[in-house]
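Take the given structure of chain R and dock chain B to it, following the hints.
Chains R and B, in that order, give the protein sequences.
Counting along the first sequence from 1, when you hit position 95 you're at 95 in this note's numbering, and nothing is skipped either side.
Counting along the second sequence from 1, when you hit position 80 you're at 193 in this note's numbering, and nothing is skipped either side.
Read the hints as simulated data drawn from the structure, not as lab findings.
The structure presented is a predicted model; accordingly, all values stated were derived computationally and were not measured.
Some clues are possibly wrong.
Sample of chain R residues at the chain B side, in silico, Cβ under 7 Å [claimed, not checked]: (1) G42; (2) P43; (3) F45; (4) Q48; (5) N55; (6) G56; (7) L90; (8) G101; (9) F104; (10) G105; (11) S106; (12) G107.
C-beta: ideal position from N, C-alpha, C; glycine also.
One letter stands for each residue in the lines below.
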Amino acid sequence: ETGVTQSPTHLIKTRGQQVTLRCSSQSGHNTVSWYQQALGQGPQFIFQYYREEENGRGNFPPRFSGLQFPNYSSELNVNALELDDSALYLCASSLEGGSGGYTFGSGTRLTVV
Amino acid sequence: GESVGLHLPTLSVQEGDNSIINCAYSNSASDYFIWYKQESGKGPQFIIDIRSNMDKRQGQRVTVLLNKTVKHLSLQIAATQPGDSAVYFCAENNNGNQFYFGTGTSLTVIP
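Excised from the complex, chain R in its bound form (with noise of 0.2 Å):
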């Protein structure tokens, strides 16, 4: 059984630029929730993917958007950067509802400059 694999693991870009970050789910697992982790901060909820379609989101601009796979596998697009995205970006997936928690991929540290 593999774990929650998220790529790249380190990232720079310019402000103004676009990112995607990619993320494949646990085996067995159909949810996605993707976070964001400003240092020295707990995760910040962005959205989550249930069936390819967003399920719930947090207080994120529109300028982060997101994709599910048919094989739960994910995607996280944040246009127009800004200074403050800088943050380890976390995917976790889960069954259903998050029923027994998620678990987490190490997550992509992004680097805005």
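For chain B alone, kept in the frame of chain R given last:
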């Protein structure tokens, strides 16, 4: 809005002692809570969970206590080991699809 806070941002304990990490939450509708451990360079790792119909749950070397009256959650780690050094987060859920995480407590185990 949601607010999950921790009483102490850092905690240092001697190896072999017991550790207690506390967490306060503000949403009385929250009915599911999880403690996560996050080591440097890794994502949060599930430790133990508890539902609001319980006030105590035990795992291997860990115990979670829930006091709904004062909206307080604690994680007790018995016989703390150097490998327990990490940041610990409590997270709450109110039957929705998102978890609200606290700021975290950094636990350092002194050999």
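Quick rundown of the hints versus the structure:
1. With a least beta-carbon distance of about 3 Å to chain B, the hint placing G42(R) at the interface is held under the 7 Å criterion.
2. Against a cut-off of 7 Å between C-beta atoms, the interface hint on P43(R) holds, since the closest Cβ of chain B lies about 5 Å away.
3. Look at F45(R): its Cβ gets to within about 4 Å of chain B, closer than 7 Å, so that hint holds up.
4. Hint status for Q48(R): holds, given a least beta-carbon distance of 5 Å to chain B, under 7 Å.
5. Among the interface hints, the one on N55(R) holds; its C-beta lies about 6 Å from the nearest C-beta in chain B, closer than the 7 Å criterion.
6. Residue-level restraint check for G56(R) holds (minimum Cβ-Cβ distance to chain B is 4 Å; threshold 7 Å).
7. The interface hint given for L90(R) is met, as the beta carbon of that residue sits about 5 Å from the closest beta carbon of chain B, less than 7 Å.
8. Proximity of G101(R) to chain B holds as hinted, the smallest CB-CB distance being about 5 Å (cut-off 7 Å).
9. With a least beta-carbon distance of about 3 Å to chain B, the hint placing F104(R) at the interface is held under the 7 Å criterion.
10. Because the beta carbon of G105(R) sits about 5 Å from the nearest beta carbon in chain B, less than 7 Å, this interface hint is met.
11. For the restraint placing S106(R) at the interface with chain B, the shortest Cβ-Cβ distance is roughly 5 Å, inside the 7 Å limit, so the hint holds.
12. Satisfaction of the interface hint for G107(R) is found here, the shortest Cβ-Cβ separation to chain B being roughly 5 Å, below the 7 Å cut-off.
Taken one by one, the earlier hints all hold for this structure without exception.
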